[in-house]
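The listed protein sequences derive, respectively, from chains D and U.
Be aware that the first sequence starts at 1, since it is given in full-length UniProt numbering, and climbs by one per residue.
Be aware that the second sequence starts at 1, since it is given in full-length UniProt numbering, and climbs by one per residue.
Source of the hints: derived by calculation from the structure; they are not laboratory data.
Possibly wrong hints are sitting among the right ones.
The list treats identical chains as one, so a pair stands whether inside a single copy or across any two.
[Said to hold, decoys possible] Lysine to aspartate or glutamate pairs mimicking DMTMM-like chemistry, simulated, CA-CA at most 25 Å apart:
| no. | residue 1 | residue 2 |
| --- | --- | --- |
| 1 | 23 | 123 |
| 2 | 19 | 114 |
| 3 | 19 | 344 |
| 4 | 19 | 347 |
So you can see what is in the structure, the chains are spelled out below.
2 protein chains.
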Amino acid sequence: MSITAPQGFRAVGVAAGIKAAPKLDLALVVNDGPLDVAAGVFTTNRVQAAPVVWSRQAVADGRARAVILNSGGANACTGPEGFADSHRTAEHVAELLEVSAQDVLVASTGLIGERLPMDALLEGARTAAGALAAGPAADDSAARAIMTTDTVPKQASATTASGVVVGGIAKGAGMLAPQLATMLVVLTTDAVISAEAADAALREATRTTFDRVDSDACMSTNDTVLLLASGASGIEPGAEELADAVRAVSADLARQLVADAEGASHDVHVVVTSATSEAAALAVAREIARSNLVKAAIFGNDPNWGRIVAAAGCVPEDVAPFDPAALAVSVNGVQVSRGGGVGEPRESVDMTPRECLIEVDLGAGDATADIWTNDLTHDYVEENSAYSS
Amino acid sequence: MSITAPQGFRAVGVAAGIKAAPKLDLALVVNDGPLDVAAGVFTTNRVQAAPVVWSRQAVADGRARAVILNSGGANACTGPEGFADSHRTAEHVAELLEVSAQDVLVASTGLIGERLPMDALLEGARTAAGALAAGPAADDSAARAIMTTDTVPKQASATTASGVVVGGIAKGAGMLAPQLATMLVVLTTDAVISAEAADAALREATRTTFDRVDSDACMSTNDTVLLLASGASGIEPGAEELADAVRAVSADLARQLVADAEGASHDVHVVVTSATSEAAALAVAREIARSNLVKAAIFGNDPNWGRIVAAAGCVPEDVAPFDPAALAVSVNGVQVSRGGGVGEPRESVDMTPRECLIEVDLGAGDATADIWTNDLTHDYVEENSAYSS
Chain D
1 MSITAPQGFR AVGVAAGIKA APKLDLALVV NDGPLDVAAG VFTTNRVQAA PVVWSRQAVA
61 DGRARAVILN SGGANACTGP EGFADSHRTA EHVAELLEVS AQDVLVASTG LIGERLPMDA
121 LLEGARTAAG ALAAGPAADD SAARAIMTTD TVPKQASATT ASGVVVGGIA KGAGMLAPQL
181 ATMLVVLTTD AVISAEAADA ALREATRTTF DRVDSDACMS TNDTVLLLAS GASGIEPGAE
241 ELADAVRAVS ADLARQLVAD AEGASHDVHV VVTSATSEAA ALAVAREIAR SNLVKAAIFG
301 NDPNWGRIVA AAGCVPEDVA PFDPAALAVS VNGVQVSRGG GVGEPRESVD MTPRECLIEV
361 DLGAGDATAD IWTNDLTHDY VEENSAYSS
Chain U
1 MSITAPQGFR AVGVAAGIKA APKLDLALVV NDGPLDVAAG VFTTNRVQAA PVVWSRQAVA
61 DGRARAVILN SGGANACTGP EGFADSHRTA EHVAELLEVS AQDVLVASTG LIGERLPMDA
121 LLEGARTAAG ALAAGPAADD SAARAIMTTD TVPKQASATT ASGVVVGGIA KGAGMLAPQL
181 ATMLVVLTTD AVISAEAADA ALREATRTTF DRVDSDACMS TNDTVLLLAS GASGIEPGAE
241 ELADAVRAVS ADLARQLVAD AEGASHDVHV VVTSATSEAA ALAVAREIAR SNLVKAAIFG
301 NDPNWGRIVA AAGCVPEDVA PFDPAALAVS VNGVQVSRGG GVGEPRESVD MTPRECLIEV
361 DLGAGDATAD IWTNDLTHDY VEENSAYSS
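Only chain D is shown next, with the shape it has when bound in the complex (with noise of 0.2 Å):
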C-alpha cells in the first residue's frame, strides 16, 4: 500500500474487536531505518484526548519506530486512566518490537468519553506485530483499520526528481461525520533529512493541506499528522524537493478527505485573491466556508452570491481591509457580483457538478488564500443527529 511504497516501512491493518462489529479497527506501522526521524503536528483543540498527549512528548525528540492507531475510541476525555492507557499501548508495541516506548506513537479516533478495551487493543497489536514479522502487508489493511465513518480508504504517494518516495495514508473529513470525525494521517518518506527538516517540510504542508480543509468547522480532540523517514532510499533530497513531495502527498489525502466527507453533495473551493495578506485572505475564505447559509444554499444549487458577500462582511477590517463596494465574487467561473453589487445572472451559473469554485476578489492587494469545505444538506444533519455518539 502508499504507506509502505517507500522502502524502509511495513504497515498492516487488524481487527482487534475494539469496534463492534468485525471490521479492521487496528493499524501498525513500523518503520525499519535505518533512520528513525519522526515529526509531528497534532490538534490545537485544547482539549487533547490521551493519544495526542503521549504522542506529541513522545515525537518530542524528532524520533519514532513505530506508530499504533486504532478506531472505534478516540481515549478522549477519559482521565488520567486514559493516559495510562495509550502508555502501556506504547509499551506494549515496544515490547512487541524490541524498541523504546518513547519511540512508539499512538493515535485513536471515535466516540469521546469512554475507556478503550484494552485486552482486545493489546492482544489486536499482538497480531499485527506478527503479521508483520512476515514484511508489509500487500493490501491496504492499515487506510482501512484508521476508518470510522470514511467509505474508502484514503492513500497516496509520490515520487521526487532524485527518486526519493514519500507515502500516506488518512482517514475523516474536516467533521463531516457521526463523530468528531478526528482527521488522522501518517506520512512516510524513504528520504535522508534530519528531524529539523523533517518538521519544517510536515508543518509547511500541513499548513497549506490539511489547515485548509474546514468541513464543519468542528475541531477534534485528536486530530493526528505524523511523517516519518526511514532514509531507506539512500538518498539526499533538497530542502525544497522534499518539501514539495510532502506537500503533494498531503495536497491529494487533503482533497480526499473533501471528497469522502459523509453526507456532503458538493466539494466546495473557496478562493479569495487581491487580499493585502495571506492571512487577511485566509480569515475571509474561513468566514465563507463556515458560513451554514452559503453552505445550505449550495446544497439547493443557488450561487447565492449575497450570503457570499455578508460572510465576507463579517471579517473584521483589522483582520481583512477591503472595501466592500470593490468585492467581486464568481461562482463557478461566472462573476454574480461585482463592485459589491449585482453582476451576472445567477441563472448562467451551472452548481451541478459536485466540485464548485466560489472566488472573492477583494481589490486590496495581492495575496491568496483557500479553503476546502462542503455544503451543509439533509445528509450531514441526518449522520450527525440520528446516531446517539
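Place chain U on chain D using the hints.
Quick look at chain U alone, frame taken from chain D:
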C-alpha cells in the same frame, strides 16, 4: 398593539405590493412627541444595506419622528441607486408627515441584491400615513408587516414602577430563515429621557439580549434595533429603571425570535459560569452555540457532552483561561461531564422539551454569560436550500 402601548405613538402595517403575494409588507411607526428622542444599534457587518447606512446617519443626532419598515426586499448590495431609494423613501414619508427627512428612519428586510419596487413602496407609505391620520391601528398590523418567514408576530411591553411604558415589535430569528433573516426591532417608550440616556439604555439592553441570540452565526447586512421616546407620559424615570424596562422588553422579544426560528426543534440556552470574565464566558458560550455538531446532536436528542467539551476547547486560552480538566457540563440539569471526563449517564437526560439548557462550569472565576441558539435540523437545511433566494 404593543408598540403603541406607550403614549404618543401611532403605528400601522399595510399591504403595499412589495412582496409577490398580497401580504402586509410595509409598516409605519410615528412618534407624536412631545419628545422626538431616538437611538439605534445596527449590524456590524461591513456590508451594510442602504437603509442601514441611511438610518445610522439620520439617528446620529438622537432624534427621529418616524420609522418606515418594509419586508420583501433588503435593499442591500444595490449600490448608489439603492441608497437613493432609501433616501427617497425617507423624503416621501417626511412630506406625508410634514417632518424633516433626517427624522425618518428606514429599515428593510428580504433578498439581497435586488432593487425595491419603489412605486409600490411609496404608494404604500401614502396609504399607511392616511390610515394613521385616523389614529393608531388597534391591531398588530405593524408587527405583521415586517414578518418574512416568521410564523407569528413578535410583540412585548412592560410598565415600570413609576408608570413609564416600554413597548416593541420585532421580526427575524438569528438567521434560521430562507434569507438572511434580518433582525428588525422597534422599541417605543413614553418616558421623558435624553437622547444620551436612550442610547445608553438601548446599547446595554441589546448587548445582553439581541446580541446573545446566535441562531446560526450568520450576521445580516440589515440588522436594526431602534428605540423611540415620546415623553408623552410626562414621567422622568431613573436611568436604571428605564434601562431595566428596555432590557426586559428586549429579552422578551429576543426569546420570541429564538422560539420562532424556522426549522428549529429546540431552543438552546447555553450558560457558561465560573469564567474569569464576561467576555471569556461569552466566547465559550458562542463557540458551543455555533458548533454544528453540538446543534445536530441536540436535534437528535443526544446530550453529547464530548462535542460540547470539544467546542469549548476550541476557544484560545488567552480569550478564555480555564483548565480543560476542570470543566463540568450539565444538560437539562444532569451533570453529564465533570472534571473534564465522564459524569452522570447521558441516558438520564430528558431531551424531549423544546427548551434545552446547556450549563458549562469553567471552574476559573466568577463571571457568567449566556447565548440562545437553535438546533441544526433537516428543516433548517430545507428552508435554506430549497428556495432560490
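Okay, the hints, checked on the actual structure:
no., hint, verdict
1, 23 - 123, "within (15 Å within a copy, 70 Å between copies)"
2, 19 - 114, "within (12 Å within a copy, 53 Å between copies)"
3, 19 - 344, "between (52 Å within a copy, 24 Å between copies)"
4, 19 - 347, "between (47 Å within a copy, 21 Å between copies)"
Checked against the numbered hints given earlier, the structure satisfies every one of them.
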